[in-house]
Every structure is written in structure tokens, then in C-alpha cells.
Amino acid sequence: MAAAGALVAELPPADVLIDRSARTRFRLGFDRAMSWLTPLLFLVAIVPILDMVYYISRKVVPTLTWNIITSTNPYQTDALGVPLQTTFYLIGLSTALAVAFGLLGGIATAELLPERWANVARTSANLLVGTPSIIIGYLGYLAFVLYFGWGLVFLSGAVTLSFFMTPYVFRTADLAFSSIPRHIREAALGNGAAPSQYILRVGLPIAFPQILTGVFLAMAIGIGETAPLVITMEPGVLVPSNVFSPAIVLTEVIWENFTSGEPLLVLKAFQAAFLLLVIVLALNVIVRVISARYQKRLEGLYQ
Amino acid sequence: MHPVAEVVLDASAPPSEPGGRQPLPSPSSPRNGGSPSAPGSLLAWLRYTALVPALIPAGIIVAIVWTITYASRLTSLPGFFSFNWAPTSSWGIGVFVVGSFMTAVPALFFSMLVGLGLAVASTTYLPRLAASLLDPFVDLLAGIPSVIYGIWGYVVIGPYFGLTLNPWLSAHLQFLPWFHATKAAPINTLGLGLPLAIFVLTLMALPITTLLIRDSLRAVPRELWESGLALGATRWEVLRRVAFPYSRRGIMSAAFLGFGRAFGETVAVAMLIGSTAQIPPSFYGTGYTMAAAMFELIDSAYTSAQWLSVLTEMAIVLLAISLLVNVAGRRLVISLSTTEVAGV
Amino acid sequence: MSGEGPVGNGPILSVDHLTVTAKGKTLLDDISLDFASNSLTAVVGPSGCGKTTLVRSLNRMTELTPGLRVKGAVNYLGQNIYDRSVNPVLVRRRIGMVFQRPTVFPNSIYENAAFGLRLVHEEEGKIDIAVRHALTRAGLWDEVKDDLERPALSLSGGQQQRLCIARALAVRPRVLLLDEPTSALDPGSTQRLEETMEHLKEEMVLVLVTHNVGQAARVSDRVAFLHTGHLVEMGETEEILERPKDPLTQQFITGRFP
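Residue numbers (our numbering), protein chains in the order written: chain S, 1 to 303; chain A, 1 to 344; chain W, 1 to 258.
Derived from the structure by calculation, the hints contain no laboratory data. Note that beta-carbon positions come from the ideal geometry of N, C-alpha and C, so glycine has one too. Fair warning: there could be bad hints in the mix.
Derived coverage of chain W by chain S (criterion: at least 3 residues anywhere in the stretch with Cβ under 8 Å from a Cβ of chain S; other residues may be distant) [stated by the list, open to error]: (1) 61-71; (2) 89-103.
Examples of chain S residues toward chain A, derived with CB under 7 Å [said to hold, decoys possible]: (3) P39; (4) Q85; (5) A125; (6) V159; (7) F163; (8) I231; (9) E234; (10) P235; (11) V285; (12) I286.
Generate coordinates for the entire structure from the input sequences, incorporating the hints supplied.
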């Protein structure tokens, strides 16, 4: 092969380990540059988070009193007790609905449905997660506020919000049950457990921590939602006395006040943002802690 | 929406077991594993009652589609497919559609760029410990409520854009007509407008793009990495020539789902885009998006059938685009996992 | 191939007091050996003896496993590849490697073979020649010459493995490390690959890790027997396989090891 011989002569000799050709220097230098530049991009995520937390805390912490957080007096304009309590009630009801729908649906998908239907259920849960919040809020508006005639009240908001939270509980329940090791499932059924006994006595205890992370995650999402609640509820001045009362949540306080220009109201928006941030970050930490523990537990299970 | 959850849930799709996971046996014959289709057995049908809770998410989606198509038949709208928004004589939603794309596309571009870099850093360049310390910050970005992005963007970032960045950009991009602010289309000092919305949307889409790209780069078999390196390629060269091509479906699905996230975002955009029903006269001008418009204009719908119907039709357009994007993105994820099963 | 002999009289590749540890555990303990040029050295031993660690340390692939620490030297033409001034990327261009399972990249046969050359921006004409040359030497040319644009993944397992060899040969390494290259192949493909190795060893240093004594006997000139990280014995293949000095080697050859 004469041609190949010519090539061989032109290739750099293969017997030196140090190559100072421009091309090689460029290749190695580019790789090194990327190894420094790409980690620097983490600043794009870290700086905004720290700035947000720092700015909001600095502005709010000196002004925050126990009275502001707890007072539900409707005549006290700087109090946040009403939206705070309303948020908890609303999330409570939505979480209850989401857990009821999501848990049943997830378990049914993982354990009872034939593969084809299970995939339909999973796909639609994924699509629901990807649907813009305003669209789900708009469904709630059309269906509950207008069609059912509930009006702009607590219940409309709570049910609408539960639509957001359901797919998260659903998917974690499905995932938790689906990833129970086969041998455990077979051992339970092989020893004569009825399917319902397997689900309640074996599956649920194993899947519980992961489902719990799903529930907390859903709560974190629910607490942070703004648009669907603003359009399905009328801001109330009192903690709702029943499900057909108007209601105001923390995110709504921010939305209503942030552009007002009135320093007191802007401060109120920031105070609400601070409380919201604390709650949401705490929920995120809880999710992380549980899932870290759960992973250890699952590793043990597989051994 | 919570992209981290979405990705976490999505990436860890139920493990497929060899031979497939069988549904639990019918209640009728728990020990023998009764056939789900045993004819004549009433109890066997009980299995299908499981469909009811399982299809709740599907039901919600059907309800959305049904409700908004039902509501959209209320009244006719002159000039709906135009760029002329002058209620109640012309209802052109064109400005909102264009505004949605003008914010979502650049935001997606930037978040894909940064997301690729972050995914590369955490899978390739950083030591494992450093990556595990830094990655949670990106995840945390997904946990922050959009209304907090909004107020932070409005109070902290907006003035910087309005007073410093936008004038600077305008001065240096004079040669591009649309990127040069004029007297007719001045820069507002609050900084509200496209750049601010794009900036915040970039941050909001960043977790989902980063996580999906990270996962798909992690799915590149170790042996492929090593054989690239064993041929004397640098880490970057293996990334560019082996890992990116191998995980291109995952990267594309990151783009689709990231776009869906930026396109549908409501509150933060409503707080930052300036809420003006116009196509921004310059890059620094204010505009509107479909999601923000639906959100802010809904009060009028409470009393006016015409408003209700225009918002509903906007909802249809928004829903159609976001479903399309999500289905496309997820199909890519699914086919990615099937190629993995098939092996290399 | 002319001009491929060793520079001076030293061996192309030699290992000098090499110790590899991982988290306090010693994987290789003070190994010293030479790899003769124009020959194939088989590294054999029971599983877990450190033979894969040994070949991976020969082109600094050990660095890819976090927690591995390498002491001692590996000399390529008299230069320590672990020297601070030496970049592993360049080491790996001189000392190629083929893995247990075929690891073709997800593109065409041609692009797979050209991978290493594209990195240094060779001209298209040169790449064409080098690809053809490498595929010929790997014994794959006749089977794929009509359709080089086919996806490499459409090849059979044995062909894929030979493509991996061609890919490594295209950058003209002096040394090729083969880490159990036939362990995932059927007997027919194994035989073809062994023929390829027979040809290749005439022009370069081949290091073959294998758990199969029969294969070592068929293709190797020299055998190094490793046990629990120690080099027990090394010498001419016939010598080692027929008249082993150490009882451990004896046991391994007669199949009394797991």
C-alpha cells in the first residue's frame, strides 16, 4: 500500500509524549477552558437564588412582628394572619383531594391496570403536569365559578388547585409501587396475601416515604401557585368561614400589592413573599431529606 | 408546574422488569392469578373500576378540552386572526401569540445554552462531590414560586435593566434597527418589557432543561466515554462527538419541555412584560403574552360573553401549542428509553 | 511497516514498580515488567487479580475511576507517562485500547474509523487512506468496503469489535491494549479476531488481557500471570504454560481456579 505508506510518513511520529503543535495546544487548551467555564455557569443559578433570599430577607426581617404574622383583624391593614391561615386551609383541602385522587389512581395504575391503560394514565398525568397553570385555572373558572355557579370562592380555588397537585401524588404513588422489588411482591402474593392485603400491609408501608415526598412536593407547588387562585377566588378580608366564602392567599397578597407604589402595601407584598419563600424552601428541604433517607432504605431493600 | 418534580418523576419511569410486570391477580382468584378477562365473572370486571381513579388526570385534560371548546361557541369575534387588538370592534390575538413566542424562544435559547453548560459541568468536568453540592441550587430554582420571581424581577432586576442594561444595549446595537430604542419607542426606566421577561423566563426554564440534559448525558454508557478517551480525545471532544450525538433525543426533549415551561408561564410574565397589547416596537418595549393576557383580562369575562369567548379561544391556542410541545418532548423521552433497552 | 521499531535498544513499553491502590486496598502491588516489541503479551489470572487494572494503568485510564492512586512508573519509549508534563490525552493517542464489549459510536462505519483523525483535523484525502488502511489491518475492509456510510450499530458483534480495533489503529498507536476483547463474542468471531491479532503483533506491541488460557496459548508470545495484584510469573508462552515454576500458575493453568 504505497498510498498508506505516504500517509504514514506524514503523520506526526508516534514516539513522543509531548506535542507542542498548535493544533494540540488548542485542543488541550479548549478542554481546559471548558472545564473552568462550564462550572462558572452555576453562578447563573446560585446568584439569583442568594440575591432573592438576601434581598427579601433584608427588607422584611426587621419589619416582621409576631402580630403581623398572626393577627386576623380585618381593620389592621399590615396584618398577614388572614392570608396565612387561609393558605393553610386551602392547601389542606387541596392536599386532601389530591391525595385521595392521586393515591388511588397511582396505586391502581401501578398494581391493577393492564399495561396499556396504565400507560394512558401515566401519559395523561405527565401532560397535566406540563399544562400551563393559567389553562387549569381557566378550567376551574369556567367549570366551578361559572358553570356550577359556586362563584369566586374558597371551594373553587381549592378544587382547581387540587388539579395541579393530583398528578404529583399520582406519579409518586405509581412510581413507589412500581419500584417495589419483584421478589417482595411475589413473596407476599405467593404466601397467600390477597391483592388488597398486599397493597395495604406490604406495599403501602414500603411506598409510604416516597409517596410522602410526592405529597410535600405537591404542597410546595400548590402554595406557590398564583394565577389559578387569583382567577377563581375573590380576595376576602376574613379567614373564610365556610367553603363558599371569598378567600385570599399569600401569593395573591403579593400580586395585588406589588405595583401599588404605596410603601406600606409594597412592604406587605414583600412580607408575604418572605413567608412564602420560608414555607416553600422548608418543604423543599423536607422533600430532600425524606428522599435521601428513603433511598438508603430502598438500597437496603434490594440487598 | 414544578420542573424538577416533572423530570424526577419522568426520568425514573417505573423500572421495566424482564417479562413485564403483571397486574395483580383479580380479586376473584387471588391465589391463582385470575385472568382479567375471565368471561362471566362479575368480579373480574372489578379490575376495571381501577380505571376510574387512574384516569383522573386524563379526565381533567378531557374536561379542559371539552369545557373550553364548549365555551368558545358563545359568540363570534370579528378580526380574531389579526394583529389588531381593539376591543370590542376587533379581537386580534396575533399580538399575544407573537409576544408569547418572542419571550419563550429567546428564553429557551439561553436556558438551553446555560443548561448544556451546567449539565456538562456536573457530568463531565466537576468532581462528584462538587457536582452533588452545586446541582441542588439548580433544582432549587424550580422550587421558587413564580410570583417571587415576579416581585424580585420587578423590584431588583427591572431598574437595572431600565437604567443600565437596556440603554447600553440600545447604544451598542444601533446598527440593528429593532434593537435601537427611539423616541417613538423609548426605554422605560422600570425596565419592564421583553428583556426582563426573557431573563426571568430563562431562569425559570433552566432547571427543566438542565435536569433533562444532565439525565440524558448520564445515560451515555461509560464504555462509550472511555473508548472516546482511549482514542486520545479530550473530554470536550468526547462530549461533542460522542455524548451529544448519543443523547440528542434527550437534549431535544429538554428543549421541547423547556419551551413548554417558558411558553405557559403566567404570573411572572404578567408582572414583568409591561402588559401592553402590542408587538413590542423595539426590543426594549413592552408587550403581552397569551398566558399573561388571559390572566389579567379575565375580570372582564365575568360579565361579558364576548370577553369570555375571546379568552377561551386564546386558551385553546395556548393549550394546543403546549400539548403539542409536551407530547413531542415526551415522545422523545420515551423513544430514548426504548433505544436504551435495545442496547448499543 | 518500516521505521516502527523501538528507538534505541529499550523496550517500547515497560512497567516499573507500579502500585495501584483504591481506598487503602492494594489492587496492584509493585509490578515491574517489560512488554517486548512486535509481540503479543497475554496478561492472565483469575478474576479480580488486577489484570484489567494493569492494562488500564498502561494508558492512564485509571484516572477515570475516582479514588484510584497510582505509584511507580510506566515508561513509553523511556518516558514516564505519569510524568507531570505529560498529558493523558497524548498518551492515549500513542497507546490505544479496545474494551470487553464493542463500543462503536452512534454514527457511520466510516466516521467511527475516522474518529481519532478528525480530532487533529487531518485532510479528507488522508483520512480516506487511513480509514481504508486501518480497516484492512483490522480485517474488516472486505466486509464493509461497499457501504462505509452504514450505521456502525448495524454490524454484527464481531465486526463491531474489529471496527473498534480499526478505530484504535487509525491513529497509529505503537501499543494496543486489548481488555478481554473476545469475551462478548461467539466462537467464529473470536477466531477471526485472533487472526487479526496475529497479524497486528508483527508491527506493534499488543497487550491482551484474557481469562482464557487457551486463547493465551493460541495467540501470545509471552504470558504474564497475575494473582491478587502480584506478578507471579512472566515468560515465553510455551515456558509458562508447559513448565510453570510457581504452583499458583500451575493451578490456574490446569483450571483449578474459579
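Structure-based check of all given hints:
For the stretch 61-71 of chain W, the proposed coverage by chain S is not satisfied: 0 residues have a C-beta within less than 8 Å of a C-beta in that chain, short of the threshold of three. Check result for the stretch 89-103 of chain W against chain S: holds, 5 residues qualifying (beta carbon to beta carbon below 8 Å, three or more required). For P39(S), the shortest C-beta to C-beta distance to chain A is roughly 4 Å, which falls under 7 Å, so the interface hint holds. Because the closest C-beta pair between Q85(S) and chain A is about 18 Å apart, greater than 7 Å, the hint is violated.
Because the beta carbon of A125(S) sits about 4 Å from the nearest beta carbon in chain A, less than 7 Å, this interface hint is met. At about 11 Å, the closest approach between the beta carbon of V159(S) and any beta carbon in chain A exceeds 7 Å, and the interface hint on this residue is violated. The interface hint given for F163(S) is met, as the beta carbon of that residue sits about 5 Å from the closest beta carbon of chain A, less than 7 Å. Hint status for I231(S) relative to chain A: holds, with the closest Cβ pair at about 5 Å, below 7 Å.
Given the 7 Å rule on beta carbons, the hint for E234(S) is violated: about 10 Å separates it from the nearest Cβ of chain A. With a least beta-carbon distance of about 12 Å to chain A, the hint placing P235(S) at the interface is violated under the 7 Å criterion. Against a cut-off of 7 Å between C-beta atoms, the interface hint on V285(S) is violated, since the closest Cβ of chain A lies about 10 Å away. The closest approach between the C-beta of I286(S) and any C-beta of chain A is roughly 11 Å, which is over the 7 Å cut-off, so the hint fails.
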